[in-house]
Every structure is written in structure tokens, then in C-alpha cells.
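Residue strings, one per chain:
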Amino acid sequence: MSELFLNIVDIYHYAAIALFTIGLWKVLEKCGAKGWWALLPGGRYFKLGDVVECDNAGIVVLFLEICYCLLWIAGEFVPHESMSTGIIGLAVIVVVLIQFAFMFRIYTGVCFTFGKSWRWMFLWVPFNWIAALIFGFNPKFQPVNLGIRLNEDLKAGTDPATIGTIRNYMSHIQDGGLTVMLKERTVRDFNKKRYLLKDIYFTIPNNSLVLLLGGSGSGKTTLVNAITGYEKANAEIYLNGQNVYEQYELMKYKIGFVPQQDLLRYNDTVLNTLNDAAKLRLPTSMKRKDRTDAIDEVLDTLGLVSGKSGLVSKKSGGMKKRISIGTELICRPELFILDEPDSGLDGVIARELFETLQKIAHTGRIVIAITHTPDRVINMFDKVIVLARDSGRVGRLAFYGRPDEAKEFFGKDSMENIIMAINRKDEGGEGRADEFIAKYAEYVNEHSGNEEKEELPDEQC
Amino acid sequence: MNNVKHYRGRIAQTGIYLGKLFRMFIYQNDWKMLPMAAVIAGAVTFAVGNNIFKTQEGTLSGCFALVCVCIWNGFFNSIQVVCRERAIVKREHRAGMHITSYIGAHMIYQMLLCLMQTGILMFICSIANMSFPKEGIITNNFYIDFTLSLFLITYAADMASLAISCYVKNTTAAMTLMPFMLIFQLIFSGGLIYLEGAAKKLTGFTIARWGLAALCTLANYNSQPMVSLWNEIWKFRSMTIEGQQPIKIFTDTIIQEGRLNDFLLESGSYNQDPAYLYDKANLLQSWKYMIIMAVIFAVIAVLLLKRVDKDKR
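Protein chains in written order, with our numbering: chain A, 35 to 495; chain B, 383 to 695.
These are computed hints drawn from the structure, not numbers from a lab. Where a beta carbon is used, it is the ideal one built from N, C-alpha and C, also for glycine. One or more of the hints may lead you astray.
Covered stretches of chain B, going by a simulated chain A footprint (3 or more residues, C-beta under 8 Å) [as the list claims (entries may be wrong)]:
no., segment
1, 388 to 394
2, 461 to 471
3, 506 to 516
4, 605 to 612
Here are the simulated EDC-like cross-link-like pairs (lysine to aspartate or glutamate), alpha carbons at most 16 Å apart as the crow flies [stated by the list, open to error]:
no., chain 1, residue 1, chain 2, residue 2
5, B, Lys551, B, Asp644
6, B, Lys692, A, Glu265
7, A, Lys393, A, Glu469
8, A, Lys459, A, Glu469
9, A, Lys266, B, Asp691
10, B, Lys472, A, Glu265
11, B, Lys402, B, Asp412
12, A, Lys342, A, Glu331
13, A, Lys342, A, Asp327
14, B, Lys387, A, Glu283
15, A, Lys393, A, Asp302
16, A, Lys174, A, Glu63
17, B, Lys436, B, Asp644
18, B, Lys436, B, Glu648
19, A, Lys473, A, Glu450
20, B, Lys472, B, Glu648
21, B, Lys551, B, Glu648
22, B, Lys694, A, Glu439
23, B, Lys402, A, Asp302
24, A, Lys266, B, Asp693
25, A, Lys446, A, Asp409
26, B, Lys688, A, Glu265
27, A, Lys354, A, Asp373
28, B, Lys662, B, Glu467
With the C-beta cut set under 10 Å, the calculated list includes, among others, these residues of chain A facing chain B [said to hold, decoys possible]:
no., residue
29, Leu298
30, Tyr300
31, Asp302
32, Asp310
33, Ala311
34, Lys342
35, Glu362
36, Asn451
Extracted from the complex, chain A is given alone in its bound form (with noise of 0.2 Å):
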């Protein structure tokens, strides 16, 4: 009677990999890939990770296949009931368990690829071969999200001699100001290479309050960490004429950051919050007085004087913000970066807070804001950068210059709405974020004529 069980069991697990060989099969040719990679053990799960955007969980159950079967060769030759066979056993217990956590994410993904809910994972956990057959076979299953995946070679719309011209105008400017010479910056998951950012040019005069604008992961902070040298890219980033990534350790002391949330040890007072952060960035030449003087001023500037001996937790969120802001401002930066520094503040208190933005950018400084609520103080920017995610999900440059230019260019009343514009459709966007990198190339390419001509008299003088 057991062995008649074990002889069903045995029929359907073979007949169960038979049967999700042919239904991946057809899964893998709706999603653009070759068939025959269902026929491969582990090569399967490497192949369907790679196309529904689980390359990294591919390659580690690809991986852990190579390491079952090692570990059951490894079986085959040692002593049973010693040891060694337990330490097998124990092995091949965490391979699998590890190997159903990251097949759990292929398959999330392919539910994400074919829009369908994440409650299929009920069908393909217990009985893949069940879901692989609905998956491949039924023709409503279609793959809706594939469109949106990474693709390298995807252009959004520049062509190289239009490239060639941005960097050619915007990089003849580096002795004043913040130059970025942006060519890409990639990461590397397992054997791709993947663009986060793309042909970023531009360069930003001293004395200004600019604003970056951008969707969700349009890449506002990788940009931002690539500016600051925190997280390097392929680029050449200028401040004030001083290579930024070649002078790093000198050149960190004239950046400033302000992250979103509030880096402060709460339960310190204001005033050795910032002393402490006085003592670490300011030189080692500067006098006790004039590093008195200096938190003074940031505490003049900031409006924190009167609560200066209190305890950083008994603030309230904008004085909070404002503390972040003087820990940075004390060393007296030449470009300084806020990241939502009015999130979480109403109206009134962020239009203070970016008032005290704009005299600081006013005082011979570059200050370079991200917020998600711009057109309350849209008035009180220089400039704006509006990065955009393009159809390969590449955060490109899809506008530089004045506020009321970027309105012009987007044919938008609002930085909202320009928003609204390069967003992606499925975020509820108008997803026209290729047309306006493809229009902000050809307007580069434009004004960078312009600019020549107006020049060349200049030069031949």
C-alpha cells in the first residue's frame, strides 16, 4: 500500500515538472525570451527572473541549484549516519529554504509583469505547474508591465551629436558656480549594468536658490549624492573651479547636506549640537571666538537664540529642521543641499524656513532645495532642474533654467503640473517624460547656437 503511495507521489512530481516545463515554456515566449530555457533546471528560474526584472533573484536560485546538487553529490560520498551527512542534511535544508524565499520573489514578479494580483502566489507556491499552465496557455493572461522594464538600449529620444552639444554648452563654465558634467552613474547587480542617471549637463551661477524637481525615483538623490561626491559617477563636477571628486577631502568641508529626516541626537541642547558640529567641520586654525561668533551667527540666521539651552527632543518639527540645517550651515559651505527640508512643516513655517534659504543662497553660496511642494514658494527660486525617468527608466535632464522658463517650456501653470507631465502614466502622470528630454536637447541645442554666435565676436576681440 506505501509503495503504491510512493509510486503516485513519485508519477506526480514528475508529471508536476513536466507539466510547469510546458507552461513556462509558453510564460518565457509571452514575455520575449526563448523557450527552451524551461527546459534547464535552475537556467529556468534565471531566465524568468531576468525577464520580469528578478535578475538578481535568478542568479541566486540559479546558484543554489549549482550548490543542491554539489551538496547531494557531496552525499554520495561520505559515510551515511555520520556527521559529515548531517552537516549535508543541515546544508541542504538551508539551501532550499532560501531558494523558496527567492523563487517566492520571481514569482511575485511575474504577477507584477502580467498585472495580475499578488494572490496568485496562493496557486504558484503550492502548485506551479498549475499557475504556469494558466500563465502561458490563456490568452488574457498578457504581460502588461514588460513596456516598462530597463532597457539600455533604449534612447529617449537624444541623439549623440545632440549630447555632444549640451556638453559642449554647458561645460565651458567651471571657474564660478557648481559645474556637473554628468556622462552616467550605474550599478552593478550581479552582471548587469544598470543607468540610474544619464547625460546630465548643466552649470549653476553662485547667489542662487534652486530648485530640484522630479518624480518618484527620477533620481533627485542619486544626483544629489553624485554632486556631493558621496556616491561617485562617471562625471566632472566642479565648484568654484575646484574638481570636486579629485579634491574630496577638501572639498567635503565646503558641502553641505541636509537629508529629509532630522540626523540629530536628540537629547542634547541646541547650543552642543551645534558646537560639537562647529568643532568637527570648522579648521583647526580658527580662534575660540571666531568659532563662537560663527554658531552665533548660524543661531542669529536660524532664528534659535532664544531656545539655544534647551534640548533638541523639546523642539518643535521646524526648529527641529532648522538645527539640521545649522549642524550643516556652521562650516559655512559653498553649496548646500536640502533634501525636503519643508516636509512635514505647514504653509507658513516652510515659506520662513525657504525666505532663510534664499538669503543664505544671497550670501555668495549656492543652495540647491528638493521639496514636493514647490509652487508655494516657487517665487523665491533662481533656477530649476527637472529630472525626468525616461521610458528605460534612465533619470535624464528634462529641464534647465528660470521657474517661469520651465512653465514656458512645459506649457504648465504649475511645478506640479510638470510634474504631472513626466510622470509615468501608471503613476497618474501624463508620461511624456521622453518628448520633453528629446524638446530640452533640441532647445539646448537652440540657445547653444546662440550663445556661439553671440560669443565669437567676443573672442575675436
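Using the hints provided, position chain B relative to the given structure of chain A.
Frame of chain A; chain B shown alone:
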């Protein structure tokens, strides 16, 4: 003209962070660690304080309990200190902070905290009327040697948890990992649970093993009487064989002849452990390994925290 600016180096930065940590001690209620240590010490001495330093069994279980207290204190001191402010560390590191200074400040601060906790533990043990031996091995003063041993156990555990705190990304992960570390230390201390083979070799990598060795060495474990054998024999007093009660006769004879102490000491001599040999070199070896572990954990902490820049949002 040389316009290169110099910024504060590692030693100056260590001073800045040390000042910050001492302020935190007051403002952040870190001082609460001290009464908590007293409560734990009180509970343990109440439970095991009567027989410690009197018999081998009492000494082993009492020293093991003290090791547990020290490791518990050490782990709790710094398991969250780095991971709870990891984002701040990342930002400050990018702005010029030296990781070695940051960890150095923590090492000094934790050293003082561990000293205070050890002092409290010794004080509680003293007022609990533990019968401490008089003579030490290294300094000829038992109290100093014993306090130093307790301190080293606490500090090595503290550094181990500091390394964990530098590895994990948040406090939840740290607190999840901590019990596993604690259990590993206690099981592989080699004290209460008999281990052999590969498992015994693992004991060499635990703070608990060397801590227990240091305390038992100082307590002169090997020269103490063993009572468990007598207690086991006593349980069989009423056993009758062919109308006789040989075990009752044996125990009564021992007691009547006043040879009980000799019997217990003789039993103890067969239960000696070379790891607890009452010897200066043996104690110094235990101290040495605990210091080495503390240093290794501190180095690991620095190396792990240097990766903080790679943290994603």
C-alpha cells in the same frame, strides 16, 4: 602660499564624541543602566550567594551566574548605541568624522560604564554576605582581582555587542540577534553543560568560558570540597540489601568519626579541573584572552562601521 586647512584629527574628535556621550549619559537616561545592574546583581546573589566560595558546586554555579550578569550587562550597554544613530553616523562620516574616533569614544565611555556596573555588582555581593576569600593571585587582594575579572567579562561582552550594533542596520535587528549571542555564550561557557569534541573546542571562542575560568581560578575551585557525591549517597541511606543498610552504616560511620570534611575534600580532589588551576599564569591567561577578544571586537566594529557609507536609503 599654503592655504591648506587642517581639521580636527582622531584624538581631538574622540574627545568631542566622548563629551557628547557623557552628556547623553545624563540627558538620555543612560544612567538607568546602573540601578538595573544593581537589581540583576541583587537577584543573582540572593539565588546563589550562600554557597559560592564554599563548595565546588556552589562556586561553579555562583560564578556562572556572575558571568551571566556581566555578559548581560555588557550586551545591554551597547547593543543599540550605534545602530540607533546609524543615519547620523553616515552623515557625520561623510562630513569628516573618523570612524576610529567614534568607536574610540564609545570604547572609553563603555569602559567607564562597565567599571561602574562592576563596582555596583561587587558592592551588592559584599552586602549580601558572600564569604569572599581574602587573598588574590595577582594583587594579593581578592577584591581587586575579582573586580578586574568581572570588569573584563563585562567589557569584552560590551565590545562584542558594540560590533553587533555596528553590523546591524536598526535596533530591531540588534535586539533580535542579541538573545542568540547570549545563548551561544552561556551554552559554550563549558561550565554547567558538559561539552566534548568539537563543541568543547568552541568554548575557547566565548567570553563566558574565559570569564568563568578567571572567577573559578580566583575562588580556588580545585581546593574546595565537593558535596554532590555525598548528597547522592545520602539519598540512598534507606536502601536495604539482605536485611542490611550498608549505605546508612557508611554515612553514619563517616559522621561519627568526624571525617565528613575529609571525605568532601577527597571527593573534590577527584573533581578538579585544570582550567581552574589556582595559578597566576592561569588567571593571566584568562584575562589575556578576554582583553584580546575585546580588542578584536573593537577592530571588527570599526571595520563594519566603515561600510556605513554604502547604506541605502
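Right, here's what the structure says about each hint:
With 4 residues bearing a CB less than 8 Å from a CB of chain A, the segment 388 to 394 of chain B meets the requirement of three and the coverage assertion stands. Check on the segment 461 to 471 of chain B: 3 of its residues sit with their Cβ under 8 Å from a Cβ of chain A, so the three-residue criterion for coverage holds. Given a C-beta distance limit of less than 8 Å, the hint that chain A covers the segment 506 to 516 of chain B is violated, as 0 residues qualify and 3 are needed. As drawn, the segment 605 to 612 of chain B meets chain A at 0 residues by the rule of a beta-carbon pair under 8 Å; below three, the given contact is violated.
The straight-line distance between the Cα atoms of lysine 551 (chain B) and aspartate 644 (chain B) is roughly 58 Å, outside the 16 Å bound, and the hint therefore fails. Between lysine 692 (chain B) and glutamate 265 (chain A) the CA atoms are separated by roughly 9 Å; this keeps the pair inside 16 Å, and the hint holds. For the proposed pair lysine 393 (chain A) and glutamate 469 (chain A), the alpha carbon gap of about 36 Å is over 16 Å, so the pair is violated. Of the supplied pair hints, the one linking lysine 459 (chain A) and glutamate 469 (chain A) holds, its CA atoms being roughly 14 Å apart against a limit of 16 Å.
Under the criterion of a C-alpha separation no larger than 16 Å, the hint pairing lysine 266 (chain A) with aspartate 691 (chain B) is consistent with the structure, at around 12 Å. In summary, the hint linking lysine 472 (chain B) to glutamate 265 (chain A) is supported, as the alpha carbons are separated by about 13 Å, within the 16 Å threshold. Taking the CA atoms of lysine 402 (chain B) and aspartate 412 (chain B), the gap is about 12 Å. The hint holds against a cut of 16 Å. With a CA separation close to 13 Å, the supplied pair lysine 342 (chain A) and glutamate 331 (chain A) stays within the 16 Å bound.
A C-alpha spacing of about 14 Å is found between lysine 342 (chain A) and aspartate 327 (chain A), which places the hinted pair at or below 16 Å, so the restraint holds. In summary, the hint linking lysine 387 (chain B) to glutamate 283 (chain A) is supported, as the alpha carbons are separated by about 11 Å, within the 16 Å threshold. A hinted pair counts as satisfied when its Cα atoms are at most 16 Å apart, and lysine 393 (chain A) with aspartate 302 (chain A) does not qualify at roughly 28 Å. Under the criterion of a C-alpha separation no larger than 16 Å, the hint pairing lysine 174 (chain A) with glutamate 63 (chain A) is consistent with the structure, at around 15 Å.
Only pairs whose Cα atoms come within 16 Å are accepted, and lysine 436 (chain B) paired with aspartate 644 (chain B) is accepted, the gap being roughly 14 Å. Annotation: proposed proximity of lysine 436 (chain B) to glutamate 648 (chain B) holds, straight-line Cα distance about 15 Å (limit 16 Å). A C-alpha spacing of about 19 Å is found between lysine 473 (chain A) and glutamate 450 (chain A), which places the hinted pair above 16 Å, so the restraint is violated. Under the criterion of a C-alpha separation no larger than 16 Å, the hint pairing lysine 472 (chain B) with glutamate 648 (chain B) is inconsistent with the structure, at around 61 Å.
Distance hint between lysine 551 (chain B) and glutamate 648 (chain B) is unfulfilled; the C-alpha atoms sit about 55 Å from each other, more than 16 Å. Only pairs whose Cα atoms come within 16 Å are accepted, and lysine 694 (chain B) paired with glutamate 439 (chain A) is rejected, the gap being roughly 35 Å. Between the alpha carbons of lysine 402 (chain B) and aspartate 302 (chain A) the distance comes to roughly 8 Å, so the proposed pair stays at or under 16 Å and holds. Between the alpha carbons of lysine 266 (chain A) and aspartate 693 (chain B) the distance comes to roughly 14 Å, so the proposed pair stays at or under 16 Å and holds.
Between lysine 446 (chain A) and aspartate 409 (chain A), the direct Cα distance comes to roughly 12 Å. Compliance with the 16 Å bound is thereby established for this hinted pair. Note on lysine 688 (chain B) and glutamate 265 (chain A): the hinted pairing holds, with a Cα-Cα distance of about 15 Å set against a maximum of 16 Å. Of the supplied pair hints, the one linking lysine 354 (chain A) and aspartate 373 (chain A) holds, its CA atoms being roughly 14 Å apart against a limit of 16 Å. For the hint pairing lysine 662 (chain B) with glutamate 467 (chain B), the CA-to-CA distance comes to about 43 Å; that exceeds 16 Å, so the pair is violated.
Satisfaction of the interface hint for leucine 298 (chain A) is found here, the shortest Cβ-Cβ separation to chain B being roughly 7 Å, below the 10 Å cut-off. Nearest Cβ of chain B to the Cβ of tyrosine 300 (chain A): about 8 Å, under the 10 Å cut. The hint holds. Evaluation of the aspartate 302 (chain A) hint against chain B yields a held restraint, the C-beta minimum of about 6 Å falling below 10 Å. This hint holds: aspartate 310 (chain A) has a C-beta 6 Å from the nearest C-beta of chain B, less than the 10 Å allowed.
A least Cβ separation of about 8 Å between alanine 311 (chain A) and chain B falls short of the 10 Å threshold, and the interface hint therefore holds. Contact between lysine 342 (chain A) and chain B, as hinted, is not supported at the beta carbon level, the nearest pair being about 15 Å apart and thus beyond 10 Å. Given hint, glutamate 362 (chain A) at the interface with chain B, holds; its Cβ is 8 Å from that chain's nearest Cβ, closer than 10 Å. Taking 10 Å as the C-beta cut-off, the interface hint given for asparagine 451 (chain A) is violated, the closest approach to chain B being about 27 Å.
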